[in-house]
Amino acid sequence: MPKERVGLVSEIPPGSNKVVMLRGREIAVFNVGGDFYALLNRCPHEGAKLSRGIIVGLPESEIPGCYRLSRPGEILRCPWHGWEFDLRTGKSHCDPQGLFTRQYQTSVEQETSASGTCGDGGLTAETFPVTVEKTVVFVEL
Amino acid sequence: MSIIESARAATVTRTDAGIIDCDIHPLPKHSKSLYPYLARRWQDHSEQFGTHLRQPFINTTQYPRTAPLICRRDAWPPAGGPPGSDLAFMQQQHLDPFHVLKAILIPLFGNVASERNQDFARALATAHNDWQVAEWLDRDDRLRASLVVTQDDPVAAVKEIERCARDGRFVQVMLAPRSSEPLGRQRYWPIYEAAQAHNLPLGIHSYGIGGHASSGGGWPSFYMEEHYATTMGGPAVMSSMVMEGVFEKFPALRVVLVEIGFAWVPSFVWRLDRLWERMKGEVPHLTRAPSDYVLKHFWYTTQPMEEPARPEQLRRCFDWLGWDRLLFSTDYPHWDQDDPSYAFKMKLTPAERKQICRGNAENLYRF
Amino acid sequence: MLRQADSFPKVDCDLHLTLPTTGELLPFLDAYWHEQVTSRGIDRLELTGDIANMPAAVRPDWRGPVNLEMVQARALDAFDTDIAICNCLYGAQAVYNADLAAALCSAMNDWLVGNWLSKDDRLRASIIVPWQQPELAAKEIERRAPDRRFVQVLLMVMGDAPLGKRSMWPIYAAAEGHGLPIGVHAGSTYRFAPWTNGWPSFHIEDQAAQSVGFQTQLLSMITEGVFKEFPKLRVVLTESGVTWLPSFLWRIDKLWRGLRMEVPWIKRPPSEIVAEHVRVTMQPFDGPADPQIVREMIEQIGKEMMLFSTDFPHWNFEQAEFAPQGFDADLMNRLRTENPLKTYPRLQEK
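Protein chains in written order, with the working numbering: chain Z, 1 to 141; chain F, 142 to 508; chain R, 509 to 858.
Source of the hints: derived by calculation from the structure; they are not laboratory data.
Keep in mind the model is a prediction, meaning the values are calculated, not measured.
Hints should not be assumed to be uniformly reliable.
Below, in silico cross-link-like pairs of lysine-lysine (DSS-like), each with a Cα-Cα straight-line distance of 30 Å or less [stated by the list, open to error]: (1) K486(F) / K91(Z); (2) K91(Z) / K775(R); (3) K850(R) / K91(Z).
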């Protein structure tokens with residue numbers, strides 16, 4: 001599967017996302033505690049852009065009146081109707097089998113590139129090739 | 142097929158015939174936005190005393206909503222101000238992409254219908270209507286307005302209807318279903334007389350703080366319950382207007398129930414008919430069965446759309462309601478809004494879609 | 509002694525017994541309450557909204573004093589009923605003084621035993637409880653539960669507070685503990701206006717409001733977690749109108765998806781909770797004349813959901829035609845026997 005370049009890891013700090021158009025599809029790439037997840041940027045319910053939702057935890061309870069918040073930062077609430085999606089799987093919380101958004105494989109790789117040489121354009125000095133090591137997120141479509 | 146695939150299959154392209162949106166909510170940019178339309182005395186009152194409603198909080202609702210200002214999170218204008226306050230952003234985000242031919246404004250923010258200080262309410266009503274004209278209708282000719290009135294002061298309400306009805310861009314008289322008394326009661330009849338005389342439907346949008354508990358069983362705990370209870374303002378209005386004989390007295394009156402659901406209607410109408418069979422002696426002013434009045438006088442906006450597990454049951458619901466009774470609405474920019482492309486979870490023929498998304502509103506509002 | 513129960517009894521899940529006056533309860537009141545009732549003239553507690561008090565709503569051949577012979581002939585024999593669950597709606601559940609309520613409710617239950625259950629072994633009853641103070645209501649349940657002829661606990665649909673509120677939970681705990689369903693019956697104590705927009709002019713509007721009351725109050729029980737806290741509890745919605753149920757379930761399932769975070773103890777669609785815990789008596793049935801549409805509604809509601817009832821003496825049908833058009837014979841058999849026996853475990857006891 002071809003890999004599409006999303007951007008530098010440093011562009012997508014934890015808790016944020018970056019939206020990219022890749023081969024006609026709008027994809028939102030989320031950083032969940034250092035892991036990257038790519039989802040089709042369209043809520044399966046009514047098409048809202050998931051990238052505009054809020055990142056929250058998962059409210060859980062075994063006893064009416066007792067609340068706990070698990071999985072902080074791993075749940076997306078759609079910006080419209082507030083339906084909850086697991087960022088790690090793209091599945092809705094209330095109907096994981098029937099309602100989910102498409103998920104794409106991501107990878108994080110080192111990318112090296114040559115930067116320019118140093119020099120002041122005047123006196124010629126000894127130059128050294130400089131490479132920049134960058135960590136980049138890719139999505140496999 | 143995954144859900145995402147089937148949703149795409151149901152999509153109608155946005156370059157279709159265009160839609161009429163029967164429910165959008167404008168907001169003022171800030172608390173003094175209405176000042177140009179309020180006398181100095183009322184600007185001062187607003188600052189010194191503020192609104193006076195039948196609820197514990199000054200500045201928020203009794204049941205916290207699930208999103209700030211009840212709005213979808215992506216509708217905050219980049220240039221600032223709350224959702225629905227920036228016409229340019231509304232055009233860019235909503236009116237243009239959905240090919241909205243007409244959109245009906247429903248300004249809820251001032252709670253005019255529920256303001257306890259009736260002098261202040263009168264000033265606010267006039268200000269709301271002038272604000273709609275100057276800052277909305279005059280700036281985008283797709284927009285139409287709802288006439289805000291002091292429903293607890295029918296004399297003033299009639300005056301305001303007379304004043305604003307001259308501007309044909311006011312397309313309905315706006316009333317709150319959560320009123321001090323059921324809306325069919327005779328104290329409200331002067332308003333219906335004026336509305337009928339000016340060929341204006343009533344636009345009854347779910348809201349209001351009338352001072353009565355959300356349900357006959359009391360005040361619930363959760364917003365989830367409150368959301369449902371506001372929908373039950375629909376049968377409250379229908380029952381009262383039918384049984385009080387409003388449609389006997391005002392046979393040309395049309396009533397639009399906005400954002401108050403529609404799926405409850407068939408069962409409720411069957412119930413009214415059954416009760417009337419036995420108890421018609423109590424309401425001898427009715428000359429026909431309740432269902433006759435409902436079929437003739439009520440329309441319903443579609444948002445929030447129902448989503449039964451078996452979509453064919455929704456189609457049957459439309460059959461029983463009447464396909465000519467449904468008016469498409471988005472409720473932009475509220476959180477539970479419907480997107481025109483995805484709102485219908487069942488297949489509609491192009492003719493059906495056009496009827497609901499445009500034709501019925503054109504007929505009702507005489508666009 | 510209970511008569512040898514038929515293996516396939518025909519059950520009527522809602523038969524009304526009316527108390528003509530508080531005087532009927534005097535034999536069952538202690539000295540203090542006896543004197544209170546007589547010296548103060550505490551009487552005429554018939555309820556507004558109980559249509560048994562509205563002659564127009566009572567079938568003409570069922571009008572008049574409700575006595576044993578009349579009930580036997582017209583409510584039991586006429587329909588070949590083997591077991592009938594009697595619901596008594598007298599105003600004890602509407603007084604504000606919880607102690608007076610407790611005394612009257614206890615007397616009513618004694619009256620039910622003495623004047624009815626002991627006189628015809630086809631009769632069963634719902635326990636009347638002073639729900640104004642749930643702890644007292646729980647005590648009354650404990651007192652009555654050993655008498656197996658009490659098969660349900662009776663509440664009205666609209667009272668002091670929404671039915672799901674935790675303050676009500678002592679009632680549910682006691683009922684669940686004894687395997688007694690909660691019968692939520694149409695009716696109101698008028699603590700609040702019947703509609704969210706106030707007090708309508710006509711009785712017919714109050715009656716219309718009842719079906720909405722069932723919706724908001726069932727929703728309260730669901731959202732507050734009553735069925736989570738009391739997983740064996742069953743609720744029978746009695747005289748609700750029935751056909752509001754499918755669209756109600758569409759809506760609350762949708763609301764749950766977006767608002768689940770408020771009520772995270774609800775871990776599955778509310779419609780599944782209702783299918784498991786809730787049943788509805790079939791009369792009155794708010795349906796159209798067209799039997800085809802009635803059949804569609806039955807399919808939407810679910811055949812396992814409904815329980816047969818005559819709602820005697822309310823005027824819902826003529827003669828013995830208790831099945832509306834569209835209710836076929838197989839369905840009626842199921843509603844009369846299988847569904848009630850599954851819902852009320854005590855009905856199967858010999």
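How the hints compare with the structure:
1. A hinted pair counts as satisfied when its Cα atoms are at most 30 Å apart, and K486(F) with K91(Z) qualifies at roughly 19 Å.
2. The straight-line distance between the Cα atoms of K91(Z) and K775(R) is roughly 16 Å, inside the 30 Å bound, and the hint therefore holds.
3. For the hint pairing K850(R) with K91(Z), the CA-to-CA distance comes to about 37 Å; that exceeds 30 Å, so the pair is violated.
When the structure is compared with the earlier hints, a violation turns up for hint 3 alone.
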